[in-house]
Structures are given as structure tokens and as C-alpha cells.
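K.L.:
Chains as they are written, first to last, in the UniProt record's numbering: chain R, 1 to 297; chain P, 1 to 342; chain V, 1 to 597.
Everything labelled a hint here was simulated from the structure, so no lab data went into it.
Please note that the accuracy of each hint is not assured.
[To be verified] Covered, in the sense of this in silico footprint (three residues per stretch, anywhere, with C-beta under 8 Å from a C-beta of chain V), are these stretches of chain R:
(1) 40-54
(2) 192-200
[To be verified] Partial pick of chain V residues on the chain R-facing surface, computed with a CB cut under 8 Å:
(3) Leu-329
(4) Arg-355
(5) Arg-358
(6) Asp-367
(7) Ala-370
(8) Asp-373
(9) Arg-375
(10) Ala-564
(11) Leu-566
(12) Val-568
Built from N, CA and C at the ideal position, the CB exists for glycine as well.
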Amino acid sequence: MTTDTRTPETVAAPSGRSTLVLRRFARNRSALAGAVVLVLLFVLAFAGPYLTPWSYSHVDYGALRSAPSAEHWWGTNRIGQDVFAQTVRGLQKSLVIGLLVAVLATGLASLVGACAGYFGGWTDRLAMFFVDLLLVFPSFLVIAIVSPRLRSAGWIAFVGLLTVFAWMITARVVRSMTLSLKEREFVRAARYMGVGPFRIIWRHVLPNVASFLIIDATIQVGGAVMSETALSYFGFGVQPPDVSLGTLIASGTGAAVTYPWMFFFAAGLLVVFVLAVNLVGDGLRDALDPTAKGAAR
Amino acid sequence: MMLQQEDWTISCVPFYLVKRLGYHAVLLLAAVCLSYLLASLALDPRAYYEGRQPPLSPSAVDHHLTALGVNDHQPLRDRFLHWADRAFLHGDLGETIDGTPVDAEFGRRIGVSLRLLLAGTVLGTVAGVLLGAWTAVRQYRPSDRAVTLASFALLSTPVFLLAVLLKTGAIWFNQATGTDLIQFTGERSPGADGGLWTALKDRSVHLLLPTLSVALFSVASYSRYQRSTMLDVLGSDYLRTARAKGLGRRAVLLRHGLRTALIPMSTYFSYGFLALFTGATFTETIFGWHGMGEWFVNSIGKNDVNSVVAVNVFAAVTVLLSGFLADLLHAALDPRIRRAAS
Amino acid sequence: MNPLLEVTGLDVDFDGRAAVRDVCLTLERGEVLGLVGESGSGKSATALAILGLLPGNAAVRGSVRLDGSELVGAGERELTRIRGSRVAMVFQDPLSAFTPVYRIGDQIAEAVRAHRDVPREQARSRAVELLDLVGIPEPALRARAFPHEFSGGMRQRAMIAMAMAAEPDLILADEPTTALDVTIQAQILDVLRAAQRATGAAVLLVSHDLGVIAGLADRVAVMREGRVVEQGTATEVFDRPRAPYTRQLLAAVPRIDTPRRPRPATGEPVLTVRGLTRTFPVHTGTVVRRRSGTVYAVDGVDLDVRRGETLALVGESGSGKSTTLFELLELTAPEGGSVELFGQRLGTLGRAEARALRRRIQIVFQDPMASLDPRMPVGDIIAEPLRAQGADRAVIARRVPALLAQVGLEPAHADRFPHEFSGGQRQRVGIARALSVEPELLVLDEPLSALDVSVQAEVLELLRRLKEELGLAYLLVSHDLAVVRNIADRVSVVYLGRTVEAGPVDEVFARPRHPYTQALLSAVPVPDPTRERHRTRILLPGDPPSPTRRYDGCRFRARCPLQADLTVDERKRCAHEVPEFEGDGAACHFARAREVL
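Next up, chain R with everything else stripped away, as it sits in the complex (with noise of 0.2 Å):
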């Protein structure tokens, strides 16, 4: 997997403006935790596989829900898998699944949001009208429906599915601070300049609600993994034999209190997972903001 390397905290700025933004998230200490638990998360999830002798599908019938030891790190299932294997094969599921849809999201919001905003008239209106139609059905229901139907396509679909209920919000606030952009007298000069619309939209209006975009980025990956995981926990996600942290603490739930380590292990993984790229979030949305602490007349 190479998406590792796209997190949304890494996208571009200006020079100039990220060694500032940069300097200001370092000086965030619960920003800074959240970023290195990330790193850390990744770590175990990609180099995990290769530490545990366990394949996540291996049954090992002699330690059925044995408790942690030397031999299973974190225990076994009812059916003998080892946990540690079992989990970061999930945790990798997640987090991949987790950041693909953010950054797809986020970049179908902002290319419908902005041409929205920018355009009026008929584009913004039927833009409009299909993000309210989508945000009618509750994105869960619609999904579950047509996952069953996507089986054979597999988690890539899954990720389509998540992506395609994930953006409407998003694209609505570009919308509007493309409505603002738009009458900015930067944009107006490009405009009397004879720049054309849509390197208007490239050049101007998509850097300014950058910082917005990439905010939104992080709450699109916990969002997308609590989607997955609640999906999955139906039986709607990820299949079997794969797992996901959802459907492994799906699995788990019923034996949360008699064998703990089937359960509270992914559990775990997956709390500690969202409140990172919240805090990320947080801590980004607080940097990129020149306004946040406030500045004296």
C-alpha cells in the first residue's frame, strides 16, 4: 500500500504559510500526540503481518480462545485465529479504507461545491438539489441496501459506497465560501484580468478554502471508519474472511466480558485510531487559523 503517504496533513501550502502552520501544530502538544499515535498505528498495522508467525486466517486448533501468552500475543478467537494477526490485518483494512474515502470525499465536495458556487443558476441549483436528495436518505440505510448486491466487487466498492454518502455536507460549506470567494476582489481582478473560470477555480478559490478542505479531510477519516465499522458490525462491510476492526468487534461484542481480549483489543485500536485524527483535526483547524488567538488591534 503507498496511500500511507498521502495523509491529508501532508497536502501542499505555500511555503511560506506551512513552515507557519507547521510551527504552530508542533506547539499543540494533544495535536502532536494525535499525529504521533498516527505514525505509531501505521507502523503496527504494516509492519504487524511480518512480526507474528499468524496469518489472520490461520485456524490454530490447539488454543481455542486461549487467553494472551507467549504464543498468541493477544490471545485467540472461538475458532482458534490469532487476535494480534486478526487485528492488524484489520486496523491496515481500516485505516486504509479510512483515508481513501476521506481524500476521494473531499475531492468530489470541492470540485461540486466550488463549480456550484462559482457558476449559479442552473449548475448550483441541480448541484443542490442532488447533494438534498442525498442527504434525505440516511447514507446508512442506502448503503446497506446495495452493499449485499456488491459483494463480489469486493472493499474497493465498499469505498466507492462510503465516498459517494461522505461529501454532501462538505460540498455545501465550499459552495458557500465559494459565494464569498467569488465577490472577493482578488477573484474579481483575475476576472478583469480575462482569467478564465475555471483556472479561477484552481488558482484561486481551491487554496483559499484549502485550509477548510484539509480540516475536513481528518473528520472525513473518523467518519469513515466509524461507517465502516458500524456497517460491517451488520454484516454490511467488509466480508469474511477478511476482517476490519468492525467486524472484529462485531465478532467480539458478545464476549466482551468473558474472554475481554477478543473484543477490546480492535475496540481499542479503533478509539484510539478517531480520537487521533480528531485531535490532528483540532490541532489543524486551530494552526491554519490566523484568527485563533486574538490578535490585538
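Once you've looked at the hints, dock chains P and V against the given chain R.
P.N.:
Frame of chain R, contents of chains P and V only:
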């Protein structure tokens, strides 16, 4: 409050809201039709009948499917028109795959879901708003940081995980106290009888955990939003004016600050309901409430097209209604909207 | 007896950065002290520090004594008792200074009740009285309006009414007229004077505008970089300034009363506008939009600009001057009337011709921060028009440093971002961008109004120099008549979307013929206390009428000071016959020249 909003000109509101309602009706119509088509294409009721024990003859299967209006050997257009005719002209959403009327099931379950959502929403919203405003005033102090961290941790926990944790906690509590004070299965104890008071007590004991699991999420997310809108307001010129007038701190923060910071919250309110509905699906399943969410999950398992569409209708109506209520609230909170719309 | 207010050794720090240093001021009862300085001089911080209204990141040291009792370090309770009752405040931007969700009358009543235990009804009727006192028509009705339903001038009146609510001993006015048009500013200053007379309060007037200070202040303190550099009576400071900074400041202020001979225009016309109109639909509803009216933003504007000439388009906000500019720059057929640019009629051009024309007309915007993309290095910003014209890399690489040098900036700074420059430097970047494609006509939309006085003078000088060097023609839109007098050759005055008077700048300023031009000129304060106090001011009543209406006859007649002296028949003529504008002169049936400066 000293400043009164008593008689804001109601006469100018309806036109704006009627237009809004019309738009919502169009959206609802489109959403319902689309969800029927989607469910018909994606679900396979034939498989449900073919998998029956003892096996049914192919003609019997066809007969059942045709009776329900979901026979995939008929063109989709005909099925849709037939369904739409019944649904829109007679308010009849057909039968479930087991042959009972959908409308009856709908009526039975809607109350369950609303009881669950209503208490949680109201409690969560009020508590979230107050907590958010309080943390904004105490920005960057330890109490603010603690609340921030706690709400992030809550938001990072899937609904069902929280529900399971609450359940585990309740078991532990019951064991520790040696009572069965906290009930968490179903809406009421089976076979419990007694007076009105006992029934009420029984119900509220059952309501505790589900309500908490719904409310906690609202508290966490609304407190985040309220904190940021309140922070925007705290730096505003009019708060400075209010202080310059010689108003006390409480009056400045509550009457001028929070009152104005509530306005943007109405938007979040309408979006928040979306997430809440999804959450309710889990809450119902885990706590054994027979509401819309549980019905939905079951009917997808059974490939029950008509029931699935019914739940979609419910969800769409709830979302639009909450959006409409949010609009009303916005108009009530913000005089600028009222006048601009007239 | 103690002075009313005694500030000694006041220091204010924001997050450790010094904002105010060792400020000492005294204010006697009933006195008006003008606190003047450019942005960042610490004048507002000083005023706010007196009432303890600075934000949480500010640290205040020193002493502020009100009638002998110390306010620095006083408890919130003590300060709350003083705020509004003994010391009241009038803020700069009256829209954001009122809580948007409460009625104006209720907010004033709240101020009344904050210090006096009176029943709500009584407080409300007191609020209506106060609104009446500051000259708001139909006060009982207007008290029930929300802040956004008031015009800027009305809001500022209401703000003053609120300050008067508890009859304070001291009113702190922080840039009370900065956001307002000159004619409205004249009204508000009048109200402020009346309020001061009525309550006998002392006033601390904070302003960057030397003219405003000259007209109102008994004594003046000049601030620079957090310190008071000079203090004295108004006549002393204005007539015999001692501090070099004060002298520099006074020299930099463009004066409306210094005559200047404009150059007679000789070149061929570059821009000719006749009877330009532009309307905007007014929509209501957010989802299903419905047209509910029309704004007649531009409704008959005539302009003539010749090669090498500066034409100033003058008017108050909402008069349609900026709309006029934007209509020209669209390079498409106007909604009504005709526009000829460099001899070509707009609306008849093909794409290639329009593109070629883009090169010859460029614009400089009002707010240099807003008109430069904050995410782009200035090199890219300057190159943008060149790129749009299809210039190649080599040309751009050569032109950008040359342009930066031409406007007086360091060529090496091309890779910096706009926020790394000061306001004046940013405006230079804006000018360099406009010059990049070697235009012949430069449209300047309020190019100086966002800048401090001393920076204004520098940019003004740059514009003058460039015009000489490059033979440019300027179309300058400005509400600042002093700037206009300093740079323009000809002037054109618009009222409510229509040209009412035009002519050579010295002619129009010395002998304005239209009553609106006369009122406008008389409203401009002059930084000279002696002259300022003896000028007769033509105060226009009320606000400019709404542009959503079409008017029969003369659109100025409702506010026209001449109306009172006209006979019934003459008034009838004004009511029914639209005064025509022909070339130079005034669009008034009863135009007569009058000296007002």
C-alpha cells in the same frame, strides 16, 4: 430574560416556510421513489421464498411475489407504478414479506423509535449546548481541555461499542449492588403489572441506558459546535458594547452571548438528526427495542422490499421534518432571517 | 478639585508586545480631548483600557483615575458600576456593536435599567425619548426595529443615544464616524456635539481623521507607536505643531482647501460613457427565489476621460460609482446607454478584440489585502494579467522585477506573500499588477481609502509619477474629496446612480453649482480648527433615499436645501421634470454657484 421577543411579526413567516415546505415535498417524493427503485434492484425477495423450509414450488413462489408486488419477472416499471399508485393515492405501503400490512407494522414501531430518540435528543441537545458554552468561556483552562478530550473520546467510540460498554457497566453495577435496578432489555419488563406509577417507573428504568447512549453522542457533538460558535461570539463587538453598558458578566454572556451563538446551531441541528437516526438503529438492536431501526436490519436480511422502503420513508420524513423544524428555529432565533424573507 | 479623568503612565501590552507606552492624559469636566494617530498607534487601546474593556490577552499597567478613584486593577464589580453610568462608550462600527437579535429600543432600555431600578415600561419610554433626542424620526416606531434595519448613520445615532442613557460624565468615542459617508459624518458630529451640550459630559474623541478632531476637540493629543508625542490646545497643535511627527502628519494630509491648477485635457478621448444604466433584481426567499423588486444602481451616468487625464468619479456609498466601474470592466454591452473605450463601442466586440482591449484597461482595487490572493506569492500575482494575455515565461521573468522596481518595491521580494507586506506596499503590488500589461487607462477604485494618511501621501505621489512617466489616463473613484482635489483634473459627481455635476476640478470645488455638490464639499472637515469652526455647514437631512425606487423629477429634491426657498411653481418643476445633464455643469433647474470651502 429582560429583552423580549414577544410579538415578532408572524405574518411574514408563513410564505417563506410554505415555499420551503414545497421544496421539501419535492425532495421527499424523489427520495421515496428512488429508494423504491434502489431496493427493488438490490434486494432479492425471490431468494427469501426459495430458501424456505419446506421448499415452495416455483409457481407458489411466483404467486407470493406477485401478491406482494415484488415479482422480479414483472417489469420494474409496472411494479413501481403499482406500488406508487397504492402508496401515494391510498397511503398504503403494501405488505411485509411475511404478509402482514406494512402500515400496521409502521404504526407499531414508530412510537417505539420516537420514544427512544425524543428523550435522548432533547436531553443531549440541552446538555451539549450548555456544556459547549461553558467550555468556550473557560477556553484553554483545564476544565475545557478535560471536556474536549472526553467529547473526542466519545465521538471516537462507535455507538454500539458505547452501548455494549454501558451494558457491561450496568451488569457490573447490578452485581455490585445486588439489585436489578438498571434494566436494559426491551421497553418494559414482560408481565409486570401494577398501577400507573409502577408502569411508569418500569419504563423509565428501561429507558435509562438507551437514552443515555443516544444522548451522550449529542452532548459530545453539540458541545463541540456550541463551543466554536460561542468562541466566535465572545470576541464580538456587541459583547464589548454590552459590557460597556455596565451589564454584569452573567447577563453579557447569557443574554447577549449565548443567545446569539445559538443561531448557527440550528443548522447543525438538522444535520445532527441524520447521525442520530443511524445511531438509533444500533441502540434499538442492542437494547432489544422493536423500533424502526431493528425492523430495517431485519427486513434487509429477509430481502423485504416493501418494509425497507417504509423505513426509508420514515427516515426521509424525519430528516426533512427536523430540517423544517431547524428552519423554524432559525427564523425564531434570528430576526435578520425573518425580515429578509418577508 | 481633581480633574475628571487622569491617566498617568499607562502601559498596555498584548501578549507581551507593547501597544501603549507611558501615556499621560487629563480631561476636565465638559472638555473634548481629541486623541489622534494612525493605525497601530495605540489610541483605541488607550480608550478601551480606561474602561477595562481590553481582551483577555492584554496587560495594563499605570494609573487611570476617574474623579480621583483608581480604575486600573479595580474589580469587575466596581468597573461594571462605572461602565455606562459614569463613563459611556461609542464604538466605531455600529452594525457589529449592536447585538443583532434584539430591538434597538430594548438595547437602549437595557442600558437605562443597568444602573437605575426603573420598571421596564419606563425604561422603554426613556429609550424612545433618547432616540428622539439624537434626531431619529418617528422614534417610537424605530425603537422597535432591529439593528440590521437601521442605516449606518441611524445606528450611530442610536449608539450615541445609548451612551447618553445614564447621563455619563465622560463619553469615550472610538472612531465614531469612520465607517460613515461625509454627509452622514457631518450629521453625527453634530449629534455628538449636541449630546455633549445636553449632558455636559466630557468627551474623549479617538480618530485618525485630523479634520474631525479639528472640528470638535478643545485639546488634542497626538499618538505614535504607543506614545503621546504631542499634547496641547487644538489651535496650538494644528497651527504651531512642535513634534516633528505632528508636522509630518499635517503635511501629509491632503487638503480640500488648497487650490491646484489642473492640466487642461488635450488628448483624444479614451473613454466615453453616455446614459449608462444598470439594475439588479432584488430576490427574496432562499430556496424558491422570487423577484420582489429592482435596485436602480446606475441610472444615467455620463463620463469622459481623455488621454493623460485624471477623471474623479465622486459620490457616497450606494451612489453607484463602483457599479459603474465594474460595468465598464465587464467589456460587454451595457444594460442601457453606451460605452466607448478607445473608440470601440462595447457590445460590438469579438472575443479577440475584447482580449486586446483587456490589455489597455486595468484596475487597482480599494483594499490591497482583499484584492491580492493571500495564497499566492506577489511575483505570481503581478504576472497574472501577463499570463492571461498569453505572455511567455521569458517576458514574465523580465517584467516582474522591473515592475516591482517601478513601483518602489524590492525586486527580490517577488517570492514573498502579500501578508508579509505593509498596507502601502500591498497597494504598490496592486498597482504593479495593473501596470504589467502596459495599459493606457487605469481604473482606480478607492485606491487610498484603506491606507493611513502618511502612506496615502506616498501612494498618491507614486500615482502622480507613473502618470507623468507613462502618460496614463486615470479613472479614479473616491469618496475622499481632499484626495480628489489633489490628483484629479476633472471631477464628476453622482447622486443615487445619476451624474449631477461635472467639470474641471478647480472650477467645481471653488464654485459648485449643484446643491448636492455644495453639501458634499461643505461636509468635508478641514484640519484647521479656526477655519473648521467658522465654516457654514450645509447639513443634509436624513439618509440617501432607497435606490429601489424610481423617482419622478429631481431625485435630490427630498433632501435639497434649496427647496425651502423655492416658490410653489418652482417646486412643482423639481417634482415633475428630471433635470438634464449636458456635458459640464450641474443637473439642477435652479443651479447657482456658491462657495462652501
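K.L.:
Could you check if Arg-355 of chain V really has its C-beta closer than 8 Å to a C-beta on chain R?
P.N.:
Check passed: Cβ of Arg-355 of chain V comes within 6 Å of chain R, closer than 8 Å.
K.L.:
Closer than 8 Å between Cβ atoms is the bar; does Arg-358 of chain V clear it against chain R? Give me holds or violated.
P.N.:
holds, 5 Å
K.L.:
Verify this for me: three or more residues of the segment 40-54 of chain R with a beta carbon less than 8 Å from a beta carbon of chain V.
P.N.:
violated (count 0)
K.L.:
Please verify the coverage claim for the segment 192-200 of chain R: does it have three or more residues whose C-beta sits within 8 Å of some C-beta in chain V?
P.N.:
holds (count 4)
K.L.:
Mind checking the CB of Leu-329 of chain V against every CB in chain R and telling me if the closest is under 8 Å?
P.N.:
holds, 5 Å
K.L.:
With chain R as the partner, please determine if Leu-566 of chain V meets the hint condition of a C-beta pair closer than 8 Å.
P.N.:
For Leu-566 of chain V, the interface hint is violated, since the closest Cβ of chain R sits about 43 Å away, which is over 8 Å.
K.L.:
Under the criterion of a CB-CB separation shorter than 8 Å, is Ala-370 of chain V in contact with chain R as hinted?
P.N.:
Result: holds, 4 Å to nearest chain R Cβ.
K.L.:
Using Cβ atoms only, decide whether Ala-564 of chain V comes closer than 8 Å to chain R, and label the hint accordingly.
P.N.:
violated, 42 Å
K.L.:
Is the interface hint satisfied for Val-568 of chain V? The criterion is a beta-carbon contact with chain R at less than 8 Å.
P.N.:
violated, 47 Å
K.L.:
Was the hint right that Asp-373 of chain V lines chain R, CB cutoff 8 Å?
P.N.:
With Cβ-Cβ at 4 Å, under 8 Å, it holds.
K.L.:
Identify whether the interface hint at Arg-375 of chain V stands, where standing means a beta carbon of chain R within less than 8 Å of its own.
P.N.:
holds, 4 Å
K.L.:
Going by Cβ atoms only, is Asp-367 of chain V closer than 8 Å to chain R?
P.N.:
holds, 6 Å
Consistency with the previously given hints fails for numbers 1, 10, 11, 12, ordered from lowest to highest.
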